[in-house]
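Taken in sequence, the protein lines are chains P and Y.
Position one of the first sequence corresponds to residue 1 (my numbering), numbered consecutively onward.
Position one of the second sequence corresponds to residue 1 (my numbering), numbered consecutively onward.
Treat the hints as calculated values from the structure; they're not laboratory data.
Heads up, the beta-carbon is just placed ideally off N, CA and C, and yes, glycines get one too.
No incorrect hints appear here.
No more than 30 Å apart at the CA atoms, straight line, and that leaves these computed lysine-lysine pairs for DSS-like:
hint : chain 1 : residue 1 : chain 2 : residue 2
1    : Y       : 64        : P       : 123
2    : Y       : 72        : P       : 48
3    : Y       : 59        : P       : 65
4    : P       : 48        : P       : 65
Computed spacing ranges between beta-carbons, pair by pair:
hint : chain 1 : residue 1 : chain 2 : residue 2 : range
5    : P       : 109       : Y       : 25        : 26 to 34 Å
6    : Y       : 47        : P       : 74        : 37 to 45 Å
7    : Y       : 74        : P       : 145       : 28 to 36 Å
8    : Y       : 81        : P       : 110       : 48 to 56 Å
9    : P       : 130       : Y       : 80        : 28 to 36 Å
10   : P       : 49        : Y       : 29        : 35 to 43 Å
Output of the computed footprint for chain P on chain Y, the stretches with three or more beta carbons under 8 Å from beta carbons of chain P:
hint : stretch
11   : 17-26
12   : 51-63
13   : 66-73
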Amino acid sequence: MNKATSEVEFERLIAEVLDLAYGVARRLTRNGDDAEDLVLEAVLQAKKGFHTFEPGTNFKAWFLKILTNVFYKSRAKNRRAAAETDINELSERSLYDRWKEGNGEGDVEKILEERLGVEAISKAIDALPEEFREVCAMYFLEDLSYQHIAEILGIPLGTVRSRLHRGRAQLQRMLMEEALA
Amino acid sequence: MSAHDAERCRRALELLADYLDREISEEELAFVEAHLSACGGCAERFEFEAKLIRVIKTKLRTVKAPEHLAAKIQEMLRRLEG
Chain P
1 MNKATSEVEF ERLIAEVLDL AYGVARRLTR NGDDAEDLVL EAVLQAKKGF
51 HTFEPGTNFK AWFLKILTNV FYKSRAKNRR AAAETDINEL SERSLYDRWK
101 EGNGEGDVEK ILEERLGVEA ISKAIDALPE EFREVCAMYF LEDLSYQHIA
151 EILGIPLGTV RSRLHRGRAQ LQRMLMEEAL A
Chain Y
1 MSAHDAERCR RALELLADYL DREISEEELA FVEAHLSACG GCAERFEFEA
51 KLIRVIKTKL RTVKAPEHLA AKIQEMLRRL EG
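I would like the entire structure built from these sequences, with the hints used as guidance.
Okay, structure coming up:
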């Protein structure tokens, strides 16, 4: 691939992955401005390392790996005060249990769609402990396998599974009040 | 519900998330599907969870990158290429 073709191809791939990258960056940084800075830095690093990308492989996974690496490097320098939910404060009962305790009637999907707004869901994910938040962000924003998430984050498959299960359970509890209000 | 049935429900619920994500072995898949066809309570719970996940994914994926971010990226790439 010559230089001009490579530049065009890189821009095309970045354009395709931009919404996803920004969505993941928003969840990692929990801040719009920081998310933009993170995406810009990740694009810069990706551009520098684009010669290592193998055409035909998963660009989204390749780019998200760079994005998370950039995030953890910058975070080590400039750690934000955590505003995470104390999981011990959350009810042990799931949203489903609470739903059943109520009337448990009606079209669940329609009711959840009406009651759970993007803001409420984003806020709930942002309140998850970081190790759960990063896995949940990848899981909810893109149809990645557990194996792909493990490769992107550089953690074992079993760790992805357990963090995702626990993160989802906590998310349900946090969304419980919102959905059943 | 017998102790045996309760144990099957417990096992099915343990596999719930992996089942919904299709991250499950063939043997586990066969067990869950057989159980769901026989247990209305678990089938309802699985359906509820599947719908909740679908709603969360759909809502979160409506968030787009700001237009000015795409412009900033273009500008940065032009500078690098220039």
